[in-house]
Amino acid sequence: MGNSTTAAPARKQEASGAGAAASRGRKRYSVLTGVDKWQLFLMVGIPLALDLILIWGPTVASVFISFTNWNGYGQITAANVNGIKNYQVLFTQYLFFWPAVRHNLIWLAFFGLVATPLGMLLAVLLDREIRGTRIYQSIFFLPVVLSLAVVGFIWELQYAPTEGFINNFFPLNRTGHMIDWLGDPNINLLAVLVAASWRHVGYIMVLYLAGLKSVDPALREAAAIDGATERQIFFRIVFPVLAPINVIIVVVTAIESLRAFDIAYIINHGKNGLELLSTLITNNSISEASLVGFGSAIAVVLLLISLVPIVIYLSRVMRPERS
Amino acid sequence: MADSNNGRRVDLPFLDTTLPFDLAVSRRDMLKIGGAMSLAAFIAACGGSATPAGGTVTMGSNHSDAAEKRGMDAIAAAFKSSTGNTLKLNTVDHNTFQDQISSYLQGTPDDVFTWFSGHRMRFFADKGLATPIDDVWDKVKGNYTEAFSTAVKGNDGHVYGIPVDYYPWAVFYRKSVFQAHSYKVPTSWDDLIKLCQQMKKDGLTPIALGDKDGWPAQGTFDIINLRLNGYDFHIELLTGKQKWTDPRVTATYKKWAELTPYYPSGFAGTTWQQGADTVVQKKAGMIVFGLFLSQEFSGPGDLDDLDFFPFPDLGTQYDAEKALDAPIDVVMMSKKSPNLSKDLSAAKSFLEFYAKGSSQLLLFKNAPGFIPTATDTDKSSFSPLQTKAAQIISNAKRITQFFDRDSRPDFAGANGMQSFLLTFLRQPQADPTQLQGKMQQFWDQLPQEA
Chain A
0 MGNSTTAAPA RKQEASGAGA AASRGRKRYS VLTGVDKWQL FLMVGIPLAL DLILIWGPTV
60 ASVFISFTNW NGYGQITAAN VNGIKNYQVL FTQYLFFWPA VRHNLIWLAF FGLVATPLGM
120 LLAVLLDREI RGTRIYQSIF FLPVVLSLAV VGFIWELQYA PTEGFINNFF PLNRTGHMID
180 WLGDPNINLL AVLVAASWRH VGYIMVLYLA GLKSVDPALR EAAAIDGATE RQIFFRIVFP
240 VLAPINVIIV VVTAIESLRA FDIAYIINHG KNGLELLSTL ITNNSISEAS LVGFGSAIAV
300 VLLLISLVPI VIYLSRVMRP ERS
Chain B
0 MADSNNGRRV DLPFLDTTLP FDLAVSRRDM LKIGGAMSLA AFIAACGGSA TPAGGTVTMG
60 SNHSDAAEKR GMDAIAAAFK SSTGNTLKLN TVDHNTFQDQ ISSYLQGTPD DVFTWFSGHR
120 MRFFADKGLA TPIDDVWDKV KGNYTEAFST AVKGNDGHVY GIPVDYYPWA VFYRKSVFQA
180 HSYKVPTSWD DLIKLCQQMK KDGLTPIALG DKDGWPAQGT FDIINLRLNG YDFHIELLTG
240 KQKWTDPRVT ATYKKWAELT PYYPSGFAGT TWQQGADTVV QKKAGMIVFG LFLSQEFSGP
300 GDLDDLDFFP FPDLGTQYDA EKALDAPIDV VMMSKKSPNL SKDLSAAKSF LEFYAKGSSQ
360 LLLFKNAPGF IPTATDTDKS SFSPLQTKAA QIISNAKRIT QFFDRDSRPD FAGANGMQSF
420 LLTFLRQPQA DPTQLQGKMQ QFWDQLPQEA
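Here the protein sequences line up with chains A and B, keeping their order. Numbering that gives the first Met the number 0 applies: residue 0 is where the first sequence begins, and numbers increase by one. Numbering that gives the first Met the number 0 applies: residue 0 is where the second sequence begins, and numbers increase by one.
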């Protein structure tokens with residue numbers, strides 16, 4: 000690190016002198032030794048190569064495949080290319096696309112308006128060093144440790160119509176009066192959202208709690224001395240100070256909503272009211288259905304939608320800290 | 000290992016070059032690579048020893064359940080002692096095997112592999128991923144009933160599979176429940192409806208159903224459509240040669256709607272196991288299901304109390320077909336196995352060996368849901384239930400393989416017919432023509448199955 004502070008101005012010098020030096024045909028001067036260059040090459044090159052091979056390669060390939068009718072058999076030939084047919088079918092004929100988009104949006108709205116604010120509220124409450132705060136933190140954080148597949152399994156047991164806990168605890172399992180939490184397409188998305196929120200709330204709580212701990216207590220004390228109420232301290236002082244965390248929370252919420260998959264897939268492979276873009280991709284391209292080209296088109300649509308929050312997130316995270 | 004590395008190489012058609020791995024990585028390809036790697040390990044594991052005196056045949060097996068695996072090991076041992084040839088089993092988890100089948104068959108598959116009869120068998124035959132085995136069939140077909148001869152053939156008329164086991168779909172019930180209420184087994188549709196009404200009065204759920212996974216309801220669609228419109232129409236409908244908007248399909252849904260008042264509420268959120276359990280617990284009277292439901296009857300005396308009857312006649316000319324869903328498991332020979340030319344005679348001898356009742360019994364003894372298909376099977380070890388199951392299949396003039404084996408998987412799947420049938424069952428009394436229009440629209444929008 001000590002090196003970099005001195006290297007920066009040196010490099011600047013070199014840049015301004017390089018043009019003149021080159022024209023005079025003198026040997027180019029570099030602050031980087033041969034070892035430095037090798038280190039740079041390895042430390043940048045290897046991650047770059049992995050990034051290209053594992054992230055960008057498949058992404059570009061998916062975009063390419065989305066313009067074909069490839070079904071996973073044999074090689075892709077010119078005959079497979081069918082232009083924007085997949086997208087045409089997807090937007091105008093495919094019966095499950097718009098319901099899936101709607102469910103993703105409902106997911107986003109529910110997370111943004113209910114689950115995330117709840118997580119933030121818990122964080123604020125637990126930040127006040129109430130008695131047993133660590134126990135509460137652990138309890139709320141516990142679902143985050145579980146994979147969504149496990150969360151889905153746990154909630155399936157709660158929701159099952161005849162054998163589930165909810166319908167048996169409240170006497171809702173009599174024929175004719177049964178609430179089919181997972182099978183009724185009018186309510187199963189809400190039921191799944193409760194299950195997903197169970198985990199999401201803890202996740203947001205931990206993120207926000209970490210942010211709250213970083214707020215300088217002197218700020219609060221000063222505000223309190225000036226006569227600010229608790230509410231004013233939070234909304235006027237703490238919340239604005241936490242602006243960077245707030246953006247991350249918003250973006251995390253958006254990304255979590257867009258990539259929602261596991262619970263719906265565990266419950267019924269994403270059908271009957273639980274269609275999501277992610278489950279459509281899986282059901283079309285990785286299952287026995289083997290509509291790889293069509294599935295890729297859905298994946299590209301999801302990618303384009305996801306780019307919005309991802310770009311916001313990255314521009315926030317990568318931005319150099321202002322002093 | 001050099002060989003197996005070559006096996007992993009994938010041509011990039013649009014870059015006109017060959018890379019050690021595929022950059023156009025769909026997840027399918029990731030599976031392919033994963034599969035090839037495990038296959039490479041497998042090849043490495045068995046490549047070291049010298050070739051035994053007899054031939055060797057490798058088999059990709061989806062019998063991953065412990066009991067089924069024991070059965071397959073017993074078959075391998077018997078094959079060795081009977082012919083001197085060696086059977087090397089490559090057992091893969093059942094669902095994984097099914098998900099990866101297309102990449103498996105296009106990569107470096109085993110010589111022979113377990114699969115299902117029906118449209119999916121014909122599909123791989125059309126793709127040139129299976130080897131025709133007419134010569135083997137000619138030798139063993141005397142050991143099979145007539146109904147099997149269509150089930151083993153591809154679209155080109157050649158034989159691609161040797162049937163090794165099957166199980167029927169029927170209406171299952173508990174004998175003790177029928178005795179306690181002195182119910183009679185219904186043989187006509189009217190009897191069935193009357194029985195349902197009586198069961199409802201007696202406080203039972205007449206017909207259990209757990210359709211959360213989407214496919215169980217397809218069994219009921221199959222049997223009603225078969226009885227009402229016949230085998231030929233049913234198969235043509237499932238393969239797109241008939242329209243889903245056909246009035247005959249409307250009739251099927253209307254008939255089905257007479258039965259739906261006797262389903263439990265909450266069926267769309269219950270698994271088939273939970274549905275079957277209501278029959279086990281004597282809360283429900285009947286269930287339309289496959290014989291493998293017997294695995295839910297695990298309590299003492301439960302299995303002996305389980306019985307079934309074939310779905311009742313509907314009073315049409317097609318009653319005589321006695322058609323039913325009896326999914327047949329077959330063993331097929333792959334095309335792209337790198338060892339097949341060397342192993343061919345051993346592979347054929349294995350197929351002949353597996354076509355014997357005595358061989359099939361070895362699996363059956365360990366896994367009683369898999370009824371042997373060979374005529375010469377010694378049936379003395381069958382339980383009454385199994386005997387009856389074998390009997391109703393042999394009485395059938397036409398056998399179907401089940402909706403998702405007789406149709407395209409992309410049509411039959413979760414975002415397809417499974418969804419449409421759940422929509423139908425939610426409002427069965429509504430006019431089905433609009434839904435039928437959606438089914439046809441969905442079929443038309445699917446790409447050519449080339």
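Simulated from the structure, these hints should not be mistaken for laboratory data. Check before you lean on any hint, since a few could be wrong.
Unchecked claim - FRET-style restraints, in silico, Cβ to Cβ:
id: 1; chain 1: A; residue 1: Ile105; chain 2: B; residue 2: Lys79; range: 58 to 68 Å
id: 2; chain 1: A; residue 1: Gly82; chain 2: B; residue 2: Asp443; range: 12 to 22 Å
id: 3; chain 1: A; residue 1: Ser146; chain 2: B; residue 2: Asn154; range: 36 to 46 Å
id: 4; chain 1: A; residue 1: Leu156; chain 2: B; residue 2: Lys193; range: 29 to 39 Å
id: 5; chain 1: A; residue 1: Leu156; chain 2: B; residue 2: Ala76; range: 38 to 48 Å
id: 6; chain 1: A; residue 1: Gly82; chain 2: B; residue 2: Lys193; range: 56 to 66 Å
Said to hold, decoys possible - Calculated pairs, DSSO-like style, for lysine-lysine (alpha carbon to alpha carbon, straight line, at most 30 Å):
id: 7; chain 1: B; residue 1: Lys79; chain 2: B; residue 2: Lys437
id: 8; chain 1: A; residue 1: Lys84; chain 2: B; residue 2: Lys240
id: 9; chain 1: B; residue 1: Lys437; chain 2: A; residue 2: Lys84
id: 10; chain 1: B; residue 1: Lys240; chain 2: B; residue 2: Lys334
id: 11; chain 1: B; residue 1: Lys378; chain 2: B; residue 2: Lys321
id: 12; chain 1: B; residue 1: Lys334; chain 2: B; residue 2: Lys321
id: 13; chain 1: B; residue 1: Lys334; chain 2: B; residue 2: Lys138
id: 14; chain 1: A; residue 1: Lys84; chain 2: B; residue 2: Lys68
id: 15; chain 1: A; residue 1: Lys84; chain 2: B; residue 2: Lys378
id: 16; chain 1: B; residue 1: Lys152; chain 2: B; residue 2: Lys68
id: 17; chain 1: B; residue 1: Lys334; chain 2: B; residue 2: Lys140
id: 18; chain 1: B; residue 1: Lys140; chain 2: B; residue 2: Lys437
Every residue gets a Cβ at the ideal spot worked out from N, C-alpha and C, and that includes glycine.
| Broken hints, numbered, in rising order? | Those not satisfied are hints 7, 12, 14, 15, 18.
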